[in-house]
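Residue numbers (full-length UniProt numbering), protein chains in the order written: chain A, 1 to 254; chain B, 1 to 291; chain C, 1 to 331.
Derived from the structure by calculation, the hints contain no laboratory data. Even glycine gets a Cβ: it sits at the ideal position worked out from N, Cα and C. Among the hints, erroneous ones may be present.
If the Cβ cut is set under 8 Å, some of the chain B residues that face chain C in the computed set are [stated by the list, open to error]:
#1 Gly101
#2 Met104
#3 Glu111
#4 Ile112
#5 Leu155
#6 Leu234
#7 Gly237
#8 Ser238
#9 Phe268
#10 Val271
Chain A residues, not near chain C, derived (Cβ > 12 Å throughout) [as the list claims (entries may be wrong)]:
#11 Gly13
#12 Gly37
#13 Pro69
#14 Arg80
#15 Glu95
#16 Gly193
#17 Leu211
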Amino acid sequence: MLTVDHLSKSFGGIHAVQDVGFHIPAGSVYSVIGPNGAGKTTLFNLISGLYTPTAGSVKFEGAEITGIPPHSLARMGISRTFQNLQVCKNLSAIENVMVGAHSRLNSGMFAGMFRFPGIVRSDRACKERAVDLMTQVGCKAYIDAHASAMPYGALKKLEVARALASEPRLLFLDEPAAGLNHTETHDMALLVGELVRLGITVVVVEHDMKLVMNISHRILVLNYGQKLAEGTPEEIRKNPDVIAAYLGGDEDEE
Amino acid sequence: MSPEFIQFILSGITLGATYTLAALGFSMIFNASGVINFAQGEFIMIGGMCASVLVSAGIPLPLACIVGVMAAGLIGYLMERLAVGQCRDAEVATLILVTIGVSMIVRGLTEIFFGKANHGLPHFSSDKPIEIAGATILPQSLWVLAVSALIVVGLKLFFSRTQLGKGMLAASYDRLAAQLVGIDVRRVLTLSFILSALIGAFGGILVTPISTVAYDTGIMLGLKGFVAATLGGLGSGSGAVFGGLLLGLVEALTAGYVSSAYKDAVPFVMVFIVMVLRPQGLLGAKPTDRI
Amino acid sequence: MIKLPGANGVDSGSLPEEVVNRFRGLAALAAVLIILPAFLPNTFYVDVANRVAILAMNAIMLNLLMGYTGQISLGHAGFFGLGAYGSAILTARYNVPPLGGLILSAVVTALLSWAVARVILRLRGHYLAMATLGLGVIITIVLTNEAQWTGGPDGMPVGRFSVLGYSLAGERQWYWVFAVLLFATVVITQNLINSPAGRALQALHGSEVAATVAGVDVRRRKMDVFVLSATVSSILGSLGAHYFGYINPGIADFVQSTELVIIVVFGGMASIYGALIGAVIIGILPQFLAGYDGWDVVAFGVILAATMIFLPRGLVPSLAAAMRPKRGATC
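Using the sequences and the hints, build the whole thing.
Printed below as a string of structure tokens:
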């Protein structure tokens with residue numbers, strides 16, 4: 001599904017990500033873990049096109065996507081959520097989800113200004129789908145709400161719904177459980193499982209080790225911007241490097 | 001070098017000194033609050049205006065100058081207390097608009113009370129031009145340069161040597177951290193408005209004998225100060241000095257060699273070019289976005 | 001509680017609420033536009049109404065850029081001035097027919113705004129404010145100084161607007177032109193806002209990163225809306241010039257640009273009717289203050305500062321929120 005080769009990114013001499021390579025098999029849940037500052041979010045930003053890598057390449061379904069702007073990646077079927085929420089507080093909840101479908105709709109200015117019949121029809125369908133998606137991720141209660149009036153947990157789910165609206169085949173979730181309580185974390189785990197059943201490959205950056213071990217098929221461990229280990233949860237659990245660097249201080253990961 | 005060229009350089013430096021003072025005002029408020037104060041030009045105008053009105057009413061020049069500076073300081077204080085300080089955590093656009101609103105109020109009231117006419121001030125010392133290498137300079141220009149230099153040095157010392165100045169600087173780097181170590185951030189904000197009003201008013205009074213002042217002079221002066229601050233890099237003190245002088249020189253040379261009609265367009269063309277090449281200003285640090 | 005006229009207990013049937021609200025607003029606007037001339041006793045009042053209509057359309061365009069897309073512009077009157085002078089110069093000095101002058105000016109403005117947008121829309125916040133302001137000032141300076149073309153600071157006369165031998169004359173004829181255009185502007189802008197394209201604009205205002213990842217080409221969208229609003233302002237400038245009959249560089253200056261900004265923020269950011277009502281109030285206010293030089297500026301300043309401090313969302317959105325207290329709790 002996604003192959004990353006020798007990917008590097010430095011910010012003025014600081015190597016945030018250094019020579020990282022891995023392969024994400026289609027239809028799996030792939031997790032990226034590591035202490036704070038290990039370069040996980042930078043890695044996400046590189047793959048989703050927000051940062052341009054200093055070196056290396058990213059291939060999606062065999063096609064080179066390095067340097068392709070993020071808005072084009074959406075059309076190719078890649079989407080993501082954000083660690084620090086990026087919800088449009090000037091829109092309603094459902095409009096936020098509908099924005100996610102942007103690349104699937106006729107978004108021409110003139111078409112919009114003169115209400116071409118096709119637009120009205122597809123927009124209505126888009127809204128219905130947005131309602132479905134919000135229900136699916138557990139945001140049903142907020143279908144009529146304004147985004148600025150929603151609690152944190154609901155916004156996290158709303159971001160997932162928005163990402164899903166673009167009909168992704170590859171979905172990146174950046175700390176989906178951060179700030180969520182136990183029940184909400186459990187719901188999120190169930191949701192991830194459901195997405196995989198629907199044929200979406202899910203990549204997760206997460207601190208909650210229990211969640212990661214539960215849902216992941218494979219795990220990548222980053223430390224100081226470099227790949228420390230990669231493998232199944234079982235292999236990671238037993239890897240001495242990982243234990244030394246990271247799992248040793250399981251509960252208080254800096 | 002031809003005397004003509006030297007003449008343009010001299011007038012450019014004088015102009016530049018005025019812009020520097022305006023730019024310093026912008027940078028100071030920007031540092032303390034993140035606000036671009038579009039009323040900065042009004043501080044400049046009100047200083048010159050008050051002084052000249054008082055002088056024509058028979059008040060001695062030094063006293064009139066002091067009152068002019070204090071009047072601007074008072075407006076700066078009121079502006080922060082009553083308007084800008086009332087909308088913390090607002091969007092950039094909101095704050096810009098509040099300061100534009102205040103500038104309109106000040107400008108309108110000035111027009112109402114002092115009329116539309118140009119007001120002048122007597123030169124501080126002689127008004128006989130001094131000859132330098134074939135070019136001439138007004139003694140008043142020397143006043144402008146000397147006082148501006150004093151203000152720049154004074155500010156430098158204030159921010160590097162005094163407790164209060166260091167506190168203000170700290171608050172501009174990290175508001176929260178400053179608060180935690182016991183700096184009254186709100187006071188810093190008020191103070192920065194008063195200080196930049198005082199600096200602006202000084203500048204206004206200094207140039208009024210040369211260029212006169214009217215109720216609407218503040219608009220262009222303020223805009224040019226903003227340009228100078230942007231050129232040098234918003235929030236940077238040395239940037240303000242550099243941007244101010246650069247702007248003054250380019251403007252004077254354009255007026256001299258190209259077209260005096262287009263000298264007012266110079267700052268805006270310059271700022272366009274600079275922003276294309278270096279959006280953070282010539283001396284500013286590169287901003288980093290965190291996603 | 002305050003009630004909107006016509007809002008008391010109308011059965012909305014099966015139509016979605018937003019559609020009903022939309023048509024209710026448009027019907028009210030159409031009714032006002034049609035009835036208004038009967039209440040305007042003489043051409044002086046019609047003239048005020050016409051000027052308000054021009055102001056309103058300009059403000060709606062600026063609101064599209066500022067309120068919806070979040071890109072501040074402090075030089076928007078410059079584009080109005082380009083259209084006005086473009087038409088004036090082409091018709092007076094080159095005998096271009098008025099409609100041709102209007103179209104040519106609009107094309108030139110579109111190209112210019114496109115070129116400028118490429119550069120300045122990378123900037124944000126203060127820097128964008130500075131750049132747009134600078135653009136407006138440069139336009140004004142050029143208009144003032146190129147006296148052989150523009151008549152300099154004194155301005156120049158502009159002939160009548162005529163199409164196919166039919167020429168527009170008198171405030172009342174112009175009224176209907178402006179009324180129809182205003183109505184169309186409201187309808188088209190509303191359509192845009194409620195379309196995927198309009199949602200993309202609002203999304204990039206809310207979060208550029210989120211919009212990008214959702215597939216919105218942020219840079220292109222910003223340019224599109226900047227060029228659109230500049231071009232429409234140019235067309236309005238052309239029409240305005242023919243209507244006024246005489247123009248000077250003041251129509252393009254910083255004061256005019258600020259007035260548009262005041263209308264947008266006072267009426268309500270991201271509100272079409274806000275821009276409309278803002279234009280009515282701000283457009284009529286100077287009539288009451290005529291002869292009191294300075295007081296109009298003070299009044300505008302107070303309105304601007306006070307709105308930002310006490311009603312940061314603007315008049316119409318704040319009133320709208322106050323009018324639906326219970327349901328508003330979930331919104």
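- prompt: Failing hints, ascending?
  reply: The structure breaks hints 5, 7, 8, 13, 14, 15; every other hint is satisfied.
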